[in-house]
Amino acid sequence: MLNRRKFLTAAVGVASAGALAACAKEDKGSTGTGSNGGGGGKKLTLGFSQVGSESGWRTANTESVKSAAQEAGFTLKFSDAQQKQENQISAIRSFIAQKVDVIAFSPVVVTGWDAVLKEAKAKNIPVVLTDRSVETSDESLFVTLVGSDFTDEGRRAAKILEKVLEKAGHKGPVKIAQLEGTTGAAPAIERAKGFKEVMDAEHKDDWKIVVSQTGDFTRAGGKQVMSAFLQSNPDIDVLFAHNDDMGIGAIQAIEAAGKKPGKDILIVTVDGVKDGFVAMSEGKINAIVECNPLLGPQLMEVVQKVKNGEKVERWVKTEESDFLQEQAKDALPTRKY
Amino acid sequence: MTTTPRWRALTHHHLFWPVAVLVVLLLVNIPFTPDFFSIKMTDGHLYGSLVSIVLFGSPLILVAVGMTLVIATGGIDLSVGAVVAITGALTCAHLSEQADQNALSGVFTALAIGLAAAVVCGLWNGFLVARMGIQPIIATLIIMVAGRGVAQLITDGQIITVSSEPYKLIGGGYWLTLPFSIFVVLAVVAVTALLTRRTALGLLVESVGGNAEASRLVGIRSRRIKIMVYVFCALCAGIAGLMISSNTSAADGNNAGLWIELDAILAVVIGGTALTGGRFSIGGTVVGALVIQTLTTTIYTIGVPTQTNLVFKAAVVIVVCLMQSPKFRAKVFGAKRAAQQPPAPAAPADTAPTADAAPKLEVS
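As given, the protein sequences belong to chains L and F, one line each in that order. Numbering-wise (the UniProt record's numbering), the first sequence opens with residue 1 and increments by one. Numbering-wise (the UniProt record's numbering), the second sequence opens with residue 1 and increments by one.
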């Protein structure tokens, strides 16, 4: 048992060392985490366990946390769970053993955290969640969640669609096609919910979702589903895609059908990755609702407050904005992911 | 119950049931999409549901054709999805570093690098199965699990976008008004069919699948044949990987070809190739792959709710597999026929029309 534990800790150590090396390579010239931290006083140590590196969004999220920790002058102990809960639990245990000041993590799954969080609580180490939440029997097991409000993203998408329609001078009923994310994933469920909420409340008579299918958050999925949509409903006015990648795939399908994305079919997507902004600056996406992975600075602020014993909100929502085509060109160079 | 010999010959052809299912699935679309079969010219190429089905089905056909030969030797290859991801990732990674992504030399080098990686994966699988005697399902599981990690390593966890017109042609472009991928698929299928049916190669593959040891004793180099089919399967997966990444002009190490191995195995089974090895049908596999793609497209066009997608798919697949099983057909239709012979009261009168109607439905 002990051996297994040791092995896991070592494995996590190796994984995080690898990740740190990759980081150093990326931001050129930096000398490693926390080395130029602010002078005076003992440096705050933050243990951070990331889900993995499954998407560009996640990679950007990791980078943001690392650079923000460095800027804030914290010592960051980073570990990549490679999408496995057991890795994450052993990483958190090793943080506890190393007596870090604050533990932050982005949970791989929703449940099964009570035991390890109680261990942290017993040692008086506050826990901050990022990006995703957990279900626990005891709400005091974590201090706060720093992350996006997916339902609100759906609402914002509907709101910005109003502007897009107005700008395009669209009159009369609006036929909407929706590309959903992976079935059962929180962002997919909540974005659809938020969008429908606004639609039912304010546009009950004129807006209608005529088709809705999952594109699995991927470009290939978006392209394939959209090309089927265009066959069964050639008169679609608007596409709402739950992420940029599906929207980019759909654009290709729309072009193959001989239509102009952004003109014949108005497109609103969520996320705001670089390729999405490229498509928007080309006029192919009409509006993007940002889901910001760059929550590093906000996280560090919260961590400092928690350490100082100040009160923080239960859910610190990430600062996010909405972008229309006019802003695309200006915003494009600032896109890091 | 009068079955003419011609009808009997037709229903007993090994391609009858797969083709019948394909036709029924295509017809199901008509009430939902009235112009489902219409094909029109758009921007100088043909456009329509049927074209989309072939275009999006091309990678699956390729992977399934490769899988057919592996299964014919009594093996299985779970690594094809990962090979798809690796090939796409390597090719796009190399291509994206080129100063001029439209230069043909750069594109060909990138293709060669990607396909070489696929061949290496195939050699590794073949080596483990044929030389080390490891169970195929275990041997190929290694690359299935690790390969996707390798692909993510190559892409750095990001989606690599390329903007190369020549590369886009392979999986997303058009040639002579048709999707270029159709020509690639036709070429691969034709070469495979020629090699396996016009030379002794097919026979050798089947004999290895029937009994590897007996084949070896009669002088067939069964190990070499096995390595060859795994390499061929990986190469097909590699070409499919090029198509998938070319179709969206992007390499997604995480999602490209995800679960395609299962669809491919299903296509092979629907096509009438036995998983026990020893017999195979390339034509059946192609039809099987088209059935799966048509089913996917049908789900999108008829508006099955997202949550029930998979249940719908499963139900259709179960029906298809049951229809294919001679035992099941004998039990269901045969039982009714048998029940008619003794003068049983009432019941046969009810069942006779349905038994008659079932086959007719298939040909309409």
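In short, the hints are calculated from the structure, not lab data. Just so we're clear, the structure is a prediction, and the values are computed from it rather than from any experiment. Some hints here could point you the wrong way.
Some but not every residue of chain F turned toward chain L, in silico, with C-beta under 7 Å [what the hints assert, rightly or not]:
#	residue
1	S38
2	G44
3	F56
4	Q135
5	S163
6	T297
Calculated pairs, PhoX-like style, for lysine-lysine (alpha carbon to alpha carbon, straight line, at most 25 Å) [stated by the list, open to error]:
#	chain 1	residue 1	chain 2	residue 2
7	F	K40	L	K175
8	L	K263	F	K40
9	L	K84	L	K99
10	L	K259	F	K168
11	L	K196	L	K208
12	L	K263	F	K168
Some chain F residues judged to face chain L by a derived CB distance under 10 Å, without partners named [to be verified]:
#	residue
13	S52
14	A103
15	N254
Just so it is clear, CB atoms sit at the ideal spot from N, CA and C, and this is done for glycine as well.
Tested hints:
no.	hint	result
1	S38	10 Å, violated
2	G44	10 Å, violated
3	F56	5 Å, holds
4	Q135	26 Å, violated
5	S163	10 Å, violated
6	T297	5 Å, holds
7	K40/F to K175/L	24 Å, holds
8	K263/L to K40/F	22 Å, holds
9	K84/L to K99/L	23 Å, holds
10	K259/L to K168/F	19 Å, holds
11	K196/L to K208/L	10 Å, holds
12	K263/L to K168/F	24 Å, holds
13	S52	5 Å, holds
14	A103	22 Å, violated
15	N254	6 Å, holds
When the structure is compared with the earlier hints, violations turn up for hints 1, 2, 4, 5, 14 and for no others.
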